[in-house]
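Residue numbers (my numbering), protein chains in the order written: chain A, 1 to 372; chain B, 1 to 246.
Incorrect hints may have been included.
Result set (DSS-like, lysine-lysine): computed pairs, CA atoms no more than 30 Å apart in a straight line [as the list claims (entries may be wrong)]:
1) B:Lys61 / B:Lys114
2) B:Lys4 / A:Lys370
3) A:Lys205 / B:Lys142
By construction, these hints were calculated from the structure, which means they are not laboratory data.
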Amino acid sequence: MRVLRFLLQKEFRQIFRDPSILRLIFIMPVIQLVFLPFAADYEVRNIKLALLDRDHSAYSRALVNKITASGYFMLTANCVSFQEARAAIETDKADIILDIPPAFEKEIVKETEATLSMSVNAINGVKAGLGSAYLQRIIMDFNQDIRTEWIQFPRFDQDTRIAVTFSNWFNTSMNYKVFMVPGILVLLLTMIGANLTAINIVREKEIGTIEQINVTPVQKSHFILGKLIPFWILGLLVFTLGLGIARLFYGIIPAGSLVTLYAFAAVYLLAVLGLGLLISTYAENQQQAMLISFFLMMIFILMGGLYTSIDSMPDWAKAITKANPVSYFIDVIRMLVLKGSGFGDIGYQLGIITGFALVLNGWAVLNYHKRS
Amino acid sequence: MVDKVIIADKLTKRFGDFTAVDGISFDVSQGEIFGFLGANGAGKTTAMRMLSGLSMPTSGKAMVAGYDVYKENEKIKRNIGYMSQKFSLYEDLTVRENIRFYAGIYGKSNAFIKEKTELVLKQLHLTSEADKLVKSLPLGWKQKLAFSVAIFHEPKLVFLDEPTGGVDPVTRREFWNLIYEAAAEGITVFVTTHYMDEAEYCNRVSIMVDGRIDALDTPAQLKKTFAAQSMDEVFLKLARKAVRGE
């Protein structure tokens with residue numbers, strides 16, 4: 001135990017003397033949590049609309065007014081021919097063409113039915129999908145407006161209609177930031193935890209000090225604990241800082257218990273630090289360590305359920321997310337922060353992450369040799 | 001009979017097809033300064049790494065400080081000091097912190113560390129630099145400090161791998177004074193070097209060529225055997241036979 005104390009003292013001295021580690025620990029969370037959530041916005045706005053109004057009637061103008069008033073669309077081109085509208089899409093001046101046929105008003109009035117056509121630039125699939133969905137919704141609304149205007153006696157309305165009302169649980173205002181910020185915090189913790197540990201140990205390999213340690217009677221377990229404990233404490237510090245930012249900037253206060261949240265974060269950090277340790281036993285230099293951890297981070301981030309829902313992934317991808325510790329913590333942090341779940345609800349995830357921690361650290365210890 | 005601190009018997013290390021160390025046999029007595037010479041790539045560092053428990057021998061036998069290198073390598077580590085080719089103190093720690101750290105992980109008591117630190121600082125004339133970061137020291141000072149740290153825990157034996165590489169002649173002389181002081185206290189010194197004047201300072205010298213020990217004797221006897229004026233000549237006569245390149 002005395003040996004461990006010397007190892008810890010040395011590690012903390014080095015950490016607090018290294019300005020780049022301190023920058024990484026304090027500035028990175030602030031930047032990622034304060035700026036990223038504003039950019040990582042699920043909502044699609046500023047969809048560029050090319051209008052081809054061949055009717056020029058009161059109804060067509062009312063429809064266009066309704067669309068532009070929604071705030072989602074910008075009328076960027078007012079075209080007179082389909083060729084012109086097409087050119088607008090080709091030159092990226094427009095994302096969607098709304099084609100209003102010549103007899104639009106007449107058909108609505110006479111035949112109570114009219115056709116509109118929409119052409120969408122689908123290069124950006126999300127924007128195309130959401131843009132056309134928004135536009136359809138507005139047109140349906142418009143349709144509804146006209147009908148209510150015409151029907152004098154709603155009681156005798158011959159169409160049966162089902163109206164659906166929504167109530168959003170756990171995130172009542174559907175604020176995507178409440179959804180994103182905890183997830184980004186998980187990624188941050190993963191990156192800092194795995195990278196710091198891996199780079200730190202590999203740097204000792206490069207400098208040659210690890211060989212000096214290997215020739216002393218220091219036990220493997222002491223050496224590894226001497227590396228894990230300082231970064232574990234730093235990780236929890238970053239987590240606290242992140243929760244503070246979430247509260248200060250976004251007013252996100254975890255609905256569940258903080259004790260449960262910290263308990264999970266503590267175990268999760270052990271798993272992530274174990275991963276960093278494992279990387280360090282395989283990498284010979286810092287570049288290798290960076291590349292390995294960068295590769296893993298890409299998979300962890302894209303398959304972690306932060307940006308895309310795991311439920312809508314194909315089966316093989318779902319299988320991969322099962323091996324991704326990030327996905328469990330993102331799940332848990334959303335349950336704890338948004339839903340206010342209790343300790344009993346996260347038992348499954350806690351068990352799995354404990355397994356990750358044991359396997360990764362065990363593997364790293366086995367793969368760390370004092371003698372080659 | 002004097003205690004043997006190192007006994008090596010046909011010690012061999014192979015990396016795939018390449019035999020880095022090819023069945024070397026020798027012994028080193030307590031308190032001796034043993035020079036371990038050889039051209040670059042002759043296998044000196046590999047042999048030293050096997051003896052200090054950093055590298056697993058492929059075959060052969062060796063006892064270091066009375067312990068078997070195969071099974072008791074952790075016990076060996078309690079009894080040896082090691083100074084590698086690469087400078088291996090922490091540059092972002094101060095002189096005093098480095099001493100304290102290495103002494104601490106060898107399990108030395110606080111009282112021992114405190115007392116001996118002052119002694120070592122005085123011996124190295126580093127008392128006024130004790131709280132400066134090691135990276136601010138000149139190379140010669142760093143090497144002397146690294147040596148003092150390697151023997152701080154009072155081992156039976158210290159391995160020095162080219163300790164004076166790149167160091168100026170005056171500092172090299174001072175370094176060797178430290179080695180003599182350590183030997184006088186009973187610490188056996190096992191040292192590799194490329195400076196033939198340093199070889200003259202050793203009690204006995206072995207010369208490795210292509211993984212084998214081709215000559216082993218006192219410097220005076222070696223010069224006689226090879227009819228040479230200096231150790232330089234002895235070394236050149238032997239090393240020219242080498243087929244292994246750098």
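Against the structure, the hints:
1. B:Lys61 / B:Lys114: 39 Å, violated
2. B:Lys4 / A:Lys370: Roughly 26 Å separates the two Cα atoms, so the pair holds.
3. A:Lys205 / B:Lys142: 19 Å, holds
Going down the numbered hints, you'll see the structure goes against just number 1.
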